[in-house]
Amino acid sequence: MKQAKSANSGKFSLKSVVSISDFSRPDIEAVLLMAKKMEGTSRAKKCKLLDTINVATLFFEPSTRTRLSFETAAQNLGANLISVADGGTTSQKKGEAVSDAIRVVAGYSDIIIMRHFIEGAARRAAEVCDKPIINAGDGSNQHPTQTLLDLYTIEKEFGKIDGIKIGLLGDLKYGRTVHSLAHALSHFQNVKIYCIAPKALKMPKHIIDELRGHVWVHETEELDEHLAELDVLYATRIQKERFPDPLEYERLKNTYILDRSILEKTKPIFRIMHPLPRVNEISQDLDETSAALYFRQAANGVPVREALLFLLSKQVKK
Amino acid sequence: MKQAKSANSGKFSLKSVVSISDFSRPDIEAVLLMAKKMEGTSRAKKCKLLDTINVATLFFEPSTRTRLSFETAAQNLGANLISVADGGTTSQKKGEAVSDAIRVVAGYSDIIIMRHFIEGAARRAAEVCDKPIINAGDGSNQHPTQTLLDLYTIEKEFGKIDGIKIGLLGDLKYGRTVHSLAHALSHFQNVKIYCIAPKALKMPKHIIDELRGHVWVHETEELDEHLAELDVLYATRIQKERFPDPLEYERLKNTYILDRSILEKTKPIFRIMHPLPRVNEISQDLDETSAALYFRQAANGVPVREALLFLLSKQVKK
Amino acid sequence: MKQAKSANSGKFSLKSVVSISDFSRPDIEAVLLMAKKMEGTSRAKKCKLLDTINVATLFFEPSTRTRLSFETAAQNLGANLISVADGGTTSQKKGEAVSDAIRVVAGYSDIIIMRHFIEGAARRAAEVCDKPIINAGDGSNQHPTQTLLDLYTIEKEFGKIDGIKIGLLGDLKYGRTVHSLAHALSHFQNVKIYCIAPKALKMPKHIIDELRGHVWVHETEELDEHLAELDVLYATRIQKERFPDPLEYERLKNTYILDRSILEKTKPIFRIMHPLPRVNEISQDLDETSAALYFRQAANGVPVREALLFLLSKQVKK
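Protein chains in written order, with the working numbering: chain A, 1 to 318; chain Y, 1001 to 1318; chain U, 2001 to 2318.
So here's chain A without its partners, still in its complex pose (with noise of 0.2 Å):
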């Protein structure tokens, strides 16, 4: 590890990730590459690299997933953990600032890994706290780690993210994830973007307009003559609670239900990702075939948040 150490601490610029807005190219490779080390590590070194570190994981939201997975990479890396699972602190019910409620774990902890559901909370308390945060998700704002995961497991799977072609199937709206992704997916070279939504769903305009300058982005609302041409399709959630009138929910949830009678039109590599939780969106029919990715991609979130914790961790003066 410690030529990693080295190789990698000039490229890593961050004290905080916020969001996936704030990571340079270089940022994004030196997490990857570090995941890619994490997974190569056995469990007894890897234990001992942040054997002197407190963590904490706040989530003023809860999600069960996002915190497992960060609390999973903290322990293998030997951190000490305290965590509060269920929707904040019982200061904040006494009408505690949030700034204060971090200030105060911050005296506990030296990383703190927060989900709050007001947009720019995470970004508020880097502010204020002269500790490393990670924003495990701020409202329908940013998830920035989702998406660093996103990136390692197409890496991983294809061997580079430059020139694939990824269809974003579903709520492009709302999405949170897919905005990320396709964010940060215009650092790479060659990508194609396929935006495959109904006209209800569909990618905002400033996004699609940004994306433009970067990379190659074709907006339909036909799954079945692109599918030959992915590389990966990355489904999501119809979310219910992202809709303002739920007869349109109701209308659109079962647009793009994917299941194995795609897989005679994909590529013999085609792949299919999803943040999950599904609902039905993916049959599981799918679950068993070489296209499905979607669990193998949740796994993936343990060596990358474990990579991003020991990344800020160097920050941590003891």
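Hints are computed from structural coordinates only; laboratory data are not their basis. Errors might be hidden in some of the hints.
Stated by the list, open to error - Derived, one-sided and incomplete: chain U residues facing chain Y with beta-carbon distance under 8 Å:
| id | residue |
| --- | --- |
| 1 | 2054 |
| 2 | 2090 |
| 3 | 2091 |
| 4 | 2095 |
| 5 | 2104 |
| 6 | 2105 |
| 7 | 2107 |
Note that beta-carbon positions come from the ideal geometry of N, C-alpha and C, so glycine has one too.
Dock chains Y and U against the given chain A, drawing on the hints supplied.
Coordinates of chains Y and U only, in the frame set by chain A:
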């Protein structure tokens, strides 16, 4: 511990712990023997046994004490721990299948301990997941580790299980605990089971029939007349939540309250067991007598769960 | 640490930490001295001090920050940790007595940290349980570790507690924190306490009477006229939940709001303490001034709780 490993590795045959009915007598004995070894092993040695293992406790239905007992066992063996304490994951609330939740958590951990309110949930989890599953209770169906700690408690207190004379008291109709214990006792020799219950809460006939081929069984409503014969009286709570009719509950709940006066009729080795929590089935005036085995019984959950985790960990490929 | 152990082992006399009134001056000093040693000990050494100890945090009443502080301390010393964060065990909901819950958890752990909404719950627990209990708050009664961290903060900041001039500000009628702190200060020499409160929230007469034999006490409604004399001003939140009458709360809550303007009247060494959370008693414009001691005060909870856990662990027989 090395000798222990090889001595037992041929005996314990299970990949997951789902139901006590999956256990052969050698399986049970392998667990009891390993639990005894765990009690005789120093903490300094024990904490290396699972130090490259991640354990998850997923309590879709909360059960504080069972969770704490498992979490103590996992940590005593040096395992990392991730935990959902409070009734399920946020993804479930979004409509995710239990099988998906298990597969995602299996990407973070090596052994999954789960409690779920649906009968058969643990069996389903063991089918979809390639990691060992421990059933910590599925509805009113199975809670196999309770039965194993009950057996371990009897063996530890009386030297052996063969030949034990045990009274099962209280709610024998709805009580999952006594059904499983009676079933497990049928693996042993010369066991005498006294089923002591009011008519409305009698042991179900199909269980009595099953037992009859293997053990001596006597059904009665009278506690007093059999007290002198018993080695152990296993009392149970009349569980309000299992009664369709609350009036029926009120009428029956105080039928068999144990207090110090019963000790006038019992043998010196007589012991009272109870799965806890008790409400008022056992008077506190018994707590300081030698008959009170229930708190030590609860504490025995730790070595038994250590034993199970250790035995299952041998199947984990790292 | 070995010398520290033997030097203090004769001084700290308590088996459990239930009430600050159980502490003699030598007991207090043993804790403060050990806390200082903890701050001077490397993590690599500290994490072996309790590495064969299991600690349980049982919060029958939730209190996130107190729990996190204890859990940080326990883990820094290498202890295993089991935790009930969210307001009690499932067994309580089934009707179990607190004394039973404590006895069962004592079967899993060596030291129990508990918070309970009922006054006297920790005392009762210490009576039925042969393991050390730490009271992390019992209703509006006692919260002794808060007082110890307050004393440690004063000693650390001013070099000694003897001779301190301290203002207690705000809700002196209902405030558990200031009652305990005033009591503890009465063990020290030449202490001057200014009780600054509106008439409706005055320090109770029996506490004033008790203090008068040991320390100089002055009662007043005016903050401004005493600011120049004070070393420390201990501000408290006007706690809505302690008021029988909500209108009375609205009328009084903003009586003593501190902002940067007060620093024109104070000494250079003047410091503000607060048990936190604050709502609006202390303006954020004070946070970056040298007077703001409250966040460092909160962080001092960790070494003080490390000290208590270490001192109590000596009684644990393994």
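Hints versus structure:
Checking residue 2054 of chain U against chain Y: minimum C-beta separation of about 6 Å stays under 8 Å; hint holds. With a cut of 8 Å, the hint placing residue 2090 of chain U at the interface with chain Y holds, because the nearest CB-to-CB distance is about 5 Å. Taking 8 Å as the C-beta contact cut-off toward chain Y, the hint placing residue 2091 of chain U at the interface holds, the least distance being around 4 Å. At a threshold of 8 Å, the smallest CB-CB gap from residue 2095 of chain U to chain Y is about 4 Å, leaving the interface hint in force.
With its C-beta approaching chain Y no nearer than about 5 Å, residue 2104 of chain U sits inside the 8 Å limit, and its interface hint holds. At its closest, the beta carbon of residue 2105 of chain U sits 7 Å from a beta carbon of chain Y; the interface hint therefore holds under the 8 Å criterion. Taking 8 Å as the C-beta contact cut-off toward chain Y, the hint placing residue 2107 of chain U at the interface holds, the least distance being around 3 Å.
Violation of the numbered hints given earlier is absent; every hint is satisfied by the structure.
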